[in-house]
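Enquirer: Guided by the hints, dock chains C and D onto chain L, whose structure is given.
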Amino acid sequence: MKLFSKRAVASALFAGLGISGTATADCGSSDPIVIPTHNWSSQIVMSHVVGQLFEKIGCNVEYTSTDSQAVYEAVRIGDATIELEVWEGSFATSFNTALDKGGILDAGTHDAVTREEWWYPTYVEEHCPGLPDWEALAACAEMFARPDSGGKGVYVDGPVEWLHDPARIEALGMNFIQINVGGAAALWAELEAAAKQNKPIVMFNWSPNFTDALYGGSFIEFPAFDEKCKTDASWGINPDATNDCGSPAGGYLKKAAWYMMPVTWPAAYKALTRINFTTNHVGTMAMFVDVEEMEHDEAATRWIEENEDVWSPWLYASQ
Amino acid sequence: MSEPVIRCRSLYKIFGLNPADLRIDGDGVVEPSILEREGTVTAVDNVNLDVSPGELLIVMGLSGSGKSTLVRCLSRLIEPTSGSVEIEGMNLLGMGDRELIDLRRSKMGMVFQNFALLPHRTALENIAFPLQMRGMKRRDYVERARRMIALVGLEGRENNFPRELSGGQQQRVGIARSLAVEPDIWFLDEPFSALDPLIRKEMQDEFLRLQSLLNKTIVFITHDFDEALKLADRIAIMFNGRIEQIGRPEDIVLNPATDYVSRFTSDVPREKVLRVGSVMNPPSEGEEVADRAVDVTDRVENVVEYVLGQRLPVPVVDSGDTVVGVMHQAHVLKVLFPSRSEPA
Amino acid sequence: MKGYAWLGALVLALLLAKSAGLLPAFLDELPLHLEKSSIDTLGDAGKEAYTELVPFGLILDHTFEFMREELGVSLVTRFVSKRLKELIDIFDNILRGGRKGLGLSAPPWTALLVIAFILGYSLKGWRLALLSGGTVMYFAIFGLWKFAMETLALLAAAVPISIIIGLLVGIVAYRKKWLELALLPILSVAQTLPHFAYLIPVVVFFGIGHQTGVIATIIFAVPPMVRLTLLGLQRVAPEIVEAGKMSGCTNLQLLFRVQLPSARNELLLGVNQVIMQCLAMVVIAAFIGASGLGYRLLHKLQSLKLGQSLEIGVAIVLLAVVLDGLSRAWAEKKRDYAADLPFHRRFRYPILLVVMVAAAYLLAPYFPILEKVPRDLTVTYAKTWDGLVDWIVLNWSDGLTNFRYFLIVNVLAPLRDALLYMPYPSVLLLVAGLGLLLGGYYSALLTLAFLVFIGLAGWWDRAMITAYMVVFATFICIVIGIPVGIFSALSERRAKTALFWCDTFQTFPSFIYILPVIMLFQVNDLSAIMAVIVYAIIPAVRYTVEGIRSIAPELEEAATMAGCNTRQRLVHLQLPVAIPHIMLGVNQTIMFAFSMVIIAAFVGTIDLGQQIFKALSETNIGKGVVLGLCVSFMALAVDHLVTRWARERRRLLGLD
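Protein chains in written order, with the numbering used here: chain L, -13 to 305; chain C, 455 to 798; chain D, 19 to 674.
In short, the hints are calculated from the structure, not lab data. Do not rely on the hints blindly, as some may be mistaken.
As the list claims (entries may be wrong) - Derived list of chain D stretches under chain L, where covered just means 3 residues or more per stretch with a C-beta under 8 Å from a C-beta of chain L:
| # | stretch |
| --- | --- |
| 1 | 223 to 235 |
| 2 | 304 to 315 |
| 3 | 318 to 324 |
| 4 | 615 to 625 |
| 5 | 648 to 654 |
Glycine included, every Cβ here is placed at the ideal spot set by N, Cα and C.
This is chain L alone, in the form it adopts within the complex:
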């Protein structure tokens, strides 16, 4: 019976029979809201912030770490209840697939703007003046070469499963190859080693991220993104190829929820739709952990303490 309790409670609510006996006064259900955490700091802190906020309105919360791509399937079937950081660049595909299959809700967009793009730490500008322009980078290709790249510049990309399009290099005629690391940690290892030795590196990165504070840096400015760039070969500087442009510069950062959440935890869902972090908030959360070395939950508590004016309307505003 317990196996089906979520469904049972939900259908009871649907039928207008009122709140079941196990539900707490405010939250709607005593079943835990499962908040998935991934392997970057801002997302974990944000998850804890939201979790602690949910607890303030009487919800039970559980954190579980998951893969950041696999999580959409998990939300769709209810293994996880929400997802707080849906990055347009990396996760739009998985998110949209899940939306199409059904079972997942788009719970609104944060003010925070995200960007995922070729990136370099600030000191690289000394080696290759003219950055962040992509043509300047293309001209410097040789200094990014490696023994195994056959004289071409190397762009250190994220793991293959992040689904970036390698066609851009070819479309823009750059003398580069891309290599895929196996995980984000390998990216930072590359970055750290290059920075220590003051060697040029261009790699995949995103913002907001902890690297902003540690290394400084900029994204390469490619020809601006346009929908047509992906589909229409004639668009853009290479008339014969698609993908002759950069990634979207102002990508969205969305929230997602399991489709039963509005029924099972109505109060929490209402709060979720109002929750809205800015780029600054995200950066601060990441900094607490990555620079000040706080624990995730402590960082979350601290953020909540320092930002009551921000979050109290999310929870308590009358609608």
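Expert: Same frame as chain L, but now just chains C and D:
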């Protein structure tokens, strides 16, 4: 003599034989062609045996002769292919699991060649094991096991694990364990074969001491003829799964039934086997004899020196001190040097 | 040997035909995918779609789908998952409080400290007491308490469940021959299937979260327990079983009081293996949501906190060493039947334990430090370690550049290109020939079947890349590992030290040294191979040491009496006699290399491992399992050939 404790008839163990192919005649004898079938090994071949209460029967044979299989059929550790085994008149082969377990818990004990001690249990715990299986209370089994420890002279070793004991000590534990349930029937499967010669002798003496105290019905397996002669009431000699001859040690040495047995016995030091009674002359009136008599049950080896040292023949007496015969020096010499006397 | 010349000739003919451009395409490449590559196109290799000749992946997908939806397996798995979660919550609650589980409050850390200490002391004495107590201290002082307790809760569920399942399956397989026959190949595959290939079906059937990590851990830890249970029961001397029967045992008594206890050494080894496998999974299970030290470690690695990662790695190793030590000591503990002690003596440790734990609880409210080590009192040497890594990177990188350049351009790239150049029939022929040589037709067919599967599944080129990394890594492991092993084996003390480090490194989470390797060598095959070598060299050293140290003393004496000097002894006695064992070590090295090369995809490779990671992320169950099987089959083919050879050799030397 009373009813035999163990009685087996037409006992067969044929490995690798499909039971459906078995053909037996009215006397329980398996059709000979079956024994020669490809892929089968006949380990026990038409064995008939009676063991009387208190008797020490030695089953003797070289390795592969089927003696170990035989004893396992008698204890039903191995299921015989056909034939019957009765233990105190009960049909062993017809017993269900429960009865068989009860029988082993109360009537049978067994000692193994490689001791077969449970490595995770101390000496005391090993000895107490069959008692625990019987569901005896802790206080009782510890008490009984201690008595067994004392019986086999292992005081002070109670808490040693088998690996901490010497071979002889381990086998003492094995013996104590097999005796813990106070069985009537005692199977010993080459108990001393894995031991050094000196220890083996010591254990044989120990075994005789125990047997004189306990008077069990014993089936004792060995491949060592000296050992058999030293211990046996009767010896059964096995060859290729068959019992070639069964009888008292003297009978076997003096009257080997088959070539195999005679080859076996040809090198046996006869003075160790033969007793005074089987080589002496009947007493003859008026013969002048030595002062001191020898016992009729003495082995020849024990009286050689004395008899040869006398000028006169030596009188032989029984347990009642009645003179039952005389022993000449020639008797002794004939025992000691049989080949020289035979051509004559 | 001569009989196989035609095979060699055929291979040569294929190669010549290809170089002359005469080889028809269907004999050259399987109809797929990886652009033939000099290394400079390596980067683009990730993008091609894979084409299968036989759609194994699809078949598996449908099978799993059918099981999940039609057979209702997912109802069962979800139920198991839920119950397991409740169980873990209880352990978790006992260890670190919170609202889940039984709703108990967290015990003071000192309570655990005294438990660990007294347990260690009562089981083995001061050394173990200090080790286990010290480990608890380490958790507290290095600020890892919460994570260590989560991991401990995970282990508290996973280890006993794995042992019980392993025992049960092993026992049934012992009694039912058909099950044993069915199990053996499954176990072989299970033990060579890359960890990450397991995770996908586990996620699909059990969902995400902590308990799923536990389930993956259990699935991973059960096979060695099954194998060792079976082996242990089969090895019990028949006489001992007979002794049990003659003691009047019922079947159950026989099993539990005679056979299982007598199989103790194997079972203990099994328990030991379970603990080690569970700890090895601590990090990997974190990929699908297991929390605790592994999760913490991954997260720290993700933000390149190498020093902190190292401290977590040390915590995992310590945990492994302590659990191993405690379980061994417990198993070796003997009861004293003779001593008729009064109550307070007989139960002195439990009493002491209760008193001390009570004291910890009573005192904790007055001395908060006994309750929880405050964060400002925790220490870390992370900065020092980070500094060390930085120093190495700064000072060694330049020096290593030439070395790196040389290896990549002159060794690795040609090797890889050569393997990819070879027409697939020539590889098949070579492997089949090797099988024929070492084990006859059966071996040839078996190994061939393994490789044919890979070809049909459409992963031939990727598999060749995996193979080339394994081959090269194994070569280096042999070149370094065996001499190190020989050197270590020359004295008892050195041998012990070497074995100690082997144990330690085997439990040390490999993810940690992947990052410094990347910092030194950058993201390329060389880094992946280096990471593989660090891990796979362990068995090469271990087996060499064991092989030489276990030579019968009479043989050593004979060599001494023959007037051998150290070198002669080594060349003429120790190596020839130890070589079958050393070959088993080489075999293990290859197995370790296959397992690690997949984990090294974490660096960034373009082999099967990369695709397994990708399949995991896509939750693509069929693809993941097929890829896993490809790795497993390659490993099994090698394993079959090497063990075959070693067995034959041992037989010839009369060592069995």
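Enquirer: A separate judgement is required for each hint: does it hold in the structure or not?
Expert: A quick look at each hint next to the structure:
For the stretch 223 to 235 of chain D, the assignment as covered by chain L holds, since 4 residues bring a beta-carbon within under 8 Å of that chain's beta-carbons and 3 suffice. Remark: the stretch 304 to 315 of chain D is confirmed as covered by chain L, as 7 of its residues place a Cβ nearer than 8 Å to a Cβ of that chain, reaching the required three. With 4 residues carrying a beta carbon less than 8 Å from a beta carbon of chain L, the stretch 318 to 324 of chain D meets the three-residue requirement, and the given coverage holds. Counting residues of the stretch 615 to 625 of chain D whose CB falls under 8 Å from any CB of chain L gives 7; the rule of at least 3 is met.
For the stretch 648 to 654 of chain D, the assignment as covered by chain L is violated, since 0 residues bring a beta-carbon within under 8 Å of that chain's beta-carbons and 3 are needed.
Of the numbered hints stated above, the single one contradicted by the structure is hint 5.
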